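Undergrad: Following the hints, complete the assembly by docking chains B and C onto the known chain A.
Residue-level listing of the chains:
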Amino acid sequence: MEKWNKKIDYFLFLLAFISLLVALYLTFIYSRIEKEMGIIQKIFYFHVPGAWVAFLAFFIVFIASILFLKNKDIKMDIISHASAEVGIYFCTITLITGPIWGRIAWGKWWDWLEPRLDTYLVLWALYIGYLVLRNAVEDDFRRARFAAVYGIVAFADVPLVIISILFLRKFMPHPGPIIFSRGGLTPDMKLAFFVSLFAFTVLFILLLRRRIFLLRIEEEIKNLKNKLGR
Amino acid sequence: MEKSSQALAYLFAAYSVIWIIIAIYLLIMGEKISRLRKDLENLEESLKKK
Amino acid sequence: MKFFKSIIILIKKDVKTELRTKEIFTSMFLFVFLTLIIFNFAFIGKEINQNLMVGIAWAIFLFASVLGLSRSFIHEKDTGCLEGLMITPTDRSVIYFGKAIGNLFFILIVEAISIPMFSLFFSEESFLRSPLQLFGVLFLGSLGISSVGTLLSAITINTKARELLLPILLFPVIIPVLISVVKLTIYLVTADPFINPNFWMNFLIVYDIIFLLIAFLTFEYVIEE
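These protein sequences, in sequence, are chains A, B and C. So that you can map any letter, position 6 of the first sequence is 6 in the numbering used here, and since no number is skipped, the others follow by simple counting. So that you can map any letter, position 35 of the second sequence is 35 in the numbering used here, and since no number is skipped, the others follow by simple counting. So that you can map any letter, position 77 of the third sequence is 77 in the numbering used here, and since no number is skipped, the others follow by simple counting.
There's no promise every hint is true.
[Unchecked claim] List time: in silico DSS-like cross-link candidates among lysine-lysine, alpha-carbon distance up to 30 Å:
(1) B/K38 with A/K222
(2) A/K72 with A/K222
(3) A/K190 with A/K70
(4) B/K38 with A/K190
(5) C/K160 with A/K70
[Unchecked claim] Which stretches of chain A does chain C cover? Using the computed rule of at least three CB atoms under 8 Å from a CB of chain C, they are:
(6) 115 to 126
(7) 146 to 156
(8) 161 to 168
(9) 218 to 226
Hints in this document: simulated from the structure, not taken from any laboratory. Predicted model only: the values in this text are computed from it and were never measured. C-beta atoms are modelled at their ideal positions from N, C-alpha and C, and glycine is treated no differently.
Bound conformation, chain A alone (with noise of 0.2 Å):
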């Protein structure tokens, strides 16, 4: 078993580098500069990727915690644990490469009526309140119930904060979700974000099974600790 996970993540290492130098070479090299938007548009490749790995993240997070509180399962904890803290990173992407985009798309950082910059912003401070949650308590047991409890009501608090932020303001500037409109993307442009998103993925999978990983060794070397009754 521990073998295979071994292998397991040197196969996403291997994949999730080698995905990750293709979508460098196809954002920067091999797809067409967009003519409205300019160059910075190729941000579109890496700044959307990140978003959807963080809603992944707390994703995870929330079936985790409702996992957890069905079983008692202190795996799930575990998981929850792990997904909230890489995806708090990507979501820390997602909103620094942002507002570079919006300073040279409207020229300006930050524009309080566009929903998802708005969202995305939310979603980072629900789950840092969620990390600094599973800081301020000690008990390992009541530390994962509530983390569970506080990881449901987050996210879903997610959509709720989307449709209110939608409908504060009628006109949105952020492009459209792009890809799903007909002939937003061309097919090159198609392939570098999927390609990138790949990537974005299996690097948010390898990050997150050495993070589960690592937390199980802390796990254990507390029980040692406690074993030993130091």
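TA: For chains B and C alone, kept in the frame of chain A given last:
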């Protein structure tokens, strides 16, 4: 021309942000691992004493 | 039936202790009053329009609610009353609903007293133009705050940071409520034609139902020891 070179600079800044943040993450994890190593060594020593 | 009876008994207990100590109510009300003064001096010489006034009012209500919510389990925690409640042969969610409704009461009373005060200090009568609708908005908004707030208060009271943690956990979750109540109150005050009151009303109701349901399902895991 001026504007596109500025855009290029911003684009590279944004791309490097990804790797800076992931590097920070890896550094923090490395710190954690070295602390765990120390913990393990201490545990081993105390086991030997017993 | 027994379920509702136990809830009512719990609320009565909270109201009784509150009437005796007047701790939560006094501090919440004074907080609203003093923050209002602070805001007025902070914006001195500036025209405060109706939109801004509504925003200030709700921000103050939110902060005051946090003050009350963070106290709501401290009594039980310090006197060991929570353990007593937990060994009673009732559903755990009864404790939650009793507390949430009690908190809702306190928040509503403070708001009901503060709103005429806001009108007075901002010399703005439009707040009181449609009192019945305004009460509806206050009720749904405060229900949202107390439904999430009571659940999170039960969590934070058992952490190292205690009540310090409550606003950090509560504020991001409460943002949709804040947006919709501000929109609705602005609509009541200015009759802004760009605001769709039905949409925000329904949104607020959905929010309240979702979080009451989540709290109902998860509260037993929060206080289980």
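Undergrad: All hints are to be evaluated individually against the structure, with a verdict given for each.
TA: Structure-based check of all given hints:
1. B/K38 with A/K222: With Cα atoms ~13 Å apart, B/K38 and A/K222 stay inside 30 Å; holds.
2. A/K72 with A/K222: Status holds; Cα separation ~19 Å.
3. A/K190 with A/K70: 41 Å, violated
4. B/K38 with A/K190: 48 Å, violated
5. C/K160 with A/K70: Holds: C/K160 and A/K70 sit about 26 Å apart, inside 30 Å.
6. 115 to 126: Result for this restraint: holds, n = 3.
7. 146 to 156: holds (count 8)
8. 161 to 168: holds (count 6)
9. 218 to 226: The restraint on the region 218 to 226 of chain A is violated, since only 0 of its residues have a Cβ under 8 Å from chain C and three are required.
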